[in-house]
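There are 2 protein chains.
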Amino acid sequence: MRTKIIQNCGILRQPEAGKVAIDEGQDVLIRGNKIEQIVPTGALALDQVDEIIPARGMICLPGLVNTHAHIPMVLFRGLAEDVPVERWFNDFIWPMESNLTEEDVYWGAQLALVEMIECGVTTVADHYFYMDRVAEAVEQAGTRAVLGWASFGSQGEAMLERTAEFAEKWHHQANGRITTVIAPHAPYTCDDGFLKTAVTHAKQLGIGIHIHAAENVSQTRSSLETRGQTPIQVLAETGILDLPTIIAHGCGILPEDIQLLQQAKQVGVAHAPKTYLKLGVELTPIAALREAGIPVGLATDGAASNSTLDLFEALRLMTMMQKFVYQDPEQLPIATALEIAFGGSTAVLGLEKAIGQIKEGFLADLILVDLSGTHHQPLHNPAASLVFNVQPTDVQTVLCNGQILMQDRQLKTLDKAHIFQQVQKSMQRLAVRVPDKRIQLYNP
Amino acid sequence: MRTKIIQNCGILRQPEAGKVAIDEGQDVLIRGNKIEQIVPTGALALDQVDEIIPARGMICLPGLVNTHAHIPMVLFRGLAEDVPVERWFNDFIWPMESNLTEEDVYWGAQLALVEMIECGVTTVADHYFYMDRVAEAVEQAGTRAVLGWASFGSQGEAMLERTAEFAEKWHHQANGRITTVIAPHAPYTCDDGFLKTAVTHAKQLGIGIHIHAAENVSQTRSSLETRGQTPIQVLAETGILDLPTIIAHGCGILPEDIQLLQQAKQVGVAHAPKTYLKLGVELTPIAALREAGIPVGLATDGAASNSTLDLFEALRLMTMMQKFVYQDPEQLPIATALEIAFGGSTAVLGLEKAIGQIKEGFLADLILVDLSGTHHQPLHNPAASLVFNVQPTDVQTVLCNGQILMQDRQLKTLDKAHIFQQVQKSMQRLAVRVPDKRIQLYNP
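Top line first, the protein sequences correspond to chains A and B. The numbering of the first sequence is the numbering used here, which starts it at 3 and goes up by one. The numbering of the second sequence is the numbering used here, which starts it at 3 and goes up by one.
What the hints contain is simulated information worked out from the structure, not anything from laboratory work. Some hints here could point you the wrong way.
Said to hold, decoys possible - Selected chain A positions facing chain B (Cβ under 7 angstroms, derived; list incomplete):
| id | residue |
| --- | --- |
| 1 | Glu83 |
| 2 | Glu117 |
| 3 | Leu279 |
| 4 | Gly282 |
| 5 | Ala386 |
| 6 | Thr395 |
| 7 | Phe422 |
| 8 | Gln424 |
| 9 | Val434 |
| 10 | Val436 |
As the list claims (entries may be wrong) - Keeping only pairs whose Cα atoms sit at most 30 angstroms apart, straight-line, the calculated DSBU-like set for lysine-lysine is:
| id | chain 1 | residue 1 | chain 2 | residue 2 |
| --- | --- | --- | --- | --- |
| 11 | B | Lys361 | B | Lys36 |
| 12 | A | Lys36 | A | Lys171 |
| 13 | B | Lys439 | A | Lys21 |
| 14 | A | Lys361 | A | Lys414 |
| 15 | B | Lys414 | B | Lys355 |
| 16 | B | Lys439 | B | Lys198 |
| 17 | B | Lys171 | B | Lys36 |
| 18 | B | Lys21 | A | Lys439 |
| 19 | B | Lys414 | B | Lys36 |
| 20 | B | Lys427 | A | Lys21 |
| 21 | B | Lys36 | B | Lys355 |
| 22 | B | Lys21 | A | Lys427 |
Virtual Cβ for every residue (Gly too), placed ideally from N, Cα, C.
I would like the entire structure built from these sequences, with the hints used as guidance.
So, in structure tokens, the structure goes:
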């Protein structure tokens, strides 16, 4: 197996007990797709190594992990701004999504993957349509992904069959970089029977569920009125929480829901703060969830709400917003923020034993971040800089599964100019809003 | 006088009635330090023009205006994180500031000016110590500044004399790029007599005041308890509001203060959202101020609280936070956000007839922003991209007063490597906290 050395970098160690450690002058030896050894620079003979990646003055971090997105939605970037959730869905997104072809999704996914690689994101849990084309894009990009084909109750159970076929076909493909889940849209768009059938499919395939739930407090209220249950209770009663589950948003999770989540087999909540701010909704109850031992991870949602897929911005916003809402600057200190970004996000996806740490035996999903820019100087506090100062362009080099996807900001797997050109072709057509052709009605 | 043409750019027009206009394919003719003409590309003969700045595919904006900062505080970046305001002042910043020499301030200001130019900021209202050295740095950088030498009541009125001497010496210097103000620190650190003397000095010199006031609600409460007046009432009664005044923060402005501000001669409030989030304090009441016709402008405060001097981030946070606190995504729409960034910020400094618009006769403080990056694609909505997607490195070229300060990301006036080196030398020494040597005690 080919070997690589990332030479002479600083390494962010998993924060423990509120401390962040950055070990300077380290070499990371990669064999095939795994981290084999971490040693002080100079301790290894280099003549047996196939490739040296010089990293002096850079910090090596685990690749960032986006726990909930709809990456092809970059196609709709900027088309639904300054509008409430109802109009966002009913007047903009769902009518525009009715224009989507599989070819659009393929190029949209590629565009998003370029953006993600350029800002250091190596893994995404994606939830969208025509996911076989997203899988192809991920295969080509070289990133890691947990993919689920979204389904609405209105599409009927045959749709679930189709998404299960996709899940079966792509699980563990692309050298193991792709895994799959069943992805019913949300309790407010899927009835109990539909959700139970989703569970049956997931059980048969031995995979988990990725679902929107309790996206905001108003959804939770509606659910209580119409169904007599909170969205989380619906997940529990339909058997979803018996499976590994990614819950998107959970901003409307009530205190009484927390116990149900604690009893769940393996559940985590994806937190996409920029989207919540832009749409003027509540935040995920991060403190309560973490106190109960339920992992919270970072997310961007789709760029149609979140504008970008910049996960460093999500990290910064998560941290600052907890300080703001509690009016307490000691809330969510830097070490905790970094612990959520890596440990939390990987645990939401059930991947915490494979990625998210720079440690022998972990998969080589690694990024090199350059903190020599003016906005970090003087560098008294690299950990603070990673949370509060970093810019996407500080990410210089990105590896996933041992493969270099970007080096010194040059992409290695995707043809950016060609992707831009392909996306350009469809942009007029996709921006047309045909209200009568909306794919669904938002009325939780 | 030398002429320049910025060739073939898109131009952001001052938004009116909620609309943002970007006119594509425009040339901006600059003569000396002013914008002389704006014409469709190709309409001017180029043989009489001294210099052509190609700008195809870029958006030309007015240079960004930072209405309140302490730029040399970049020296303390990252040294006081996750702590409450009291500890931020008493245990960190004020003890560390006692280590500052004028030489430190000079190099700190230069470092900050590099950062500002690199993210498109051409004007700052700065409030700090050893301001003659900041003025020298600004003179060299080629930017615009409104400078005030900070003074505390505890320093005695002789200090005000000294700050008035500075103000007199530097007003209208550096080809008019520098103007000055009197800068008493805040009502909670200056008694009425001191503030009245500050007013006398300002009146004699025909200049304004820059002061922190009502920084948070708790300060306003303390002021009511100890002085029987809100901080804004103190400003009114001491005569400060009879002069042009920049109020920093105003997060503790009460509804009953608004009328006093409306009666003021010329007052504006500087809003630094990132600092408020990080310190867990309230936000400036932007909506109430603007409704009352009082200008609000963008600010970063110092990097010791704000981490960076990125004003695009301040723009984004301001916009998103208004949507969040009102739980209403229609609050502060894109056009208003851009209006505040340019019209609002320049009005806070009383410079709205000189800068902040791309218009014949205005000073040539202009930046070119490249929206061709992946994170803007496809570019359905350039105005949204400027508010929600832009990264500091999208700023390619910066002019101030007709002079090019950065072109294609190459600095033209400051020697970055040398500045970094100088700052490096003092960083250990400045990080030492000597509690007994703090310059002041925070106890509002």
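Okay, the hints, checked on the actual structure:
| no. | hint | in the structure |
| --- | --- | --- |
| 1 | Glu83 | holds, 5 angstroms |
| 2 | Glu117 | holds, 5 angstroms |
| 3 | Leu279 | holds, 4 angstroms |
| 4 | Gly282 | holds, 4 angstroms |
| 5 | Ala386 | holds, 4 angstroms |
| 6 | Thr395 | holds, 4 angstroms |
| 7 | Phe422 | holds, 6 angstroms |
| 8 | Gln424 | violated, 10 angstroms |
| 9 | Val434 | violated, 12 angstroms |
| 10 | Val436 | violated, 17 angstroms |
| 11 | Lys361/B with Lys36/B | holds, 9 angstroms |
| 12 | Lys36/A with Lys171/A | holds, 25 angstroms |
| 13 | Lys439/B with Lys21/A | holds, 29 angstroms |
| 14 | Lys361/A with Lys414/A | holds, 25 angstroms |
| 15 | Lys414/B with Lys355/B | holds, 27 angstroms |
| 16 | Lys439/B with Lys198/B | holds, 28 angstroms |
| 17 | Lys171/B with Lys36/B | holds, 25 angstroms |
| 18 | Lys21/B with Lys439/A | holds, 29 angstroms |
| 19 | Lys414/B with Lys36/B | holds, 19 angstroms |
| 20 | Lys427/B with Lys21/A | holds, 27 angstroms |
| 21 | Lys36/B with Lys355/B | holds, 12 angstroms |
| 22 | Lys21/B with Lys427/A | holds, 27 angstroms |
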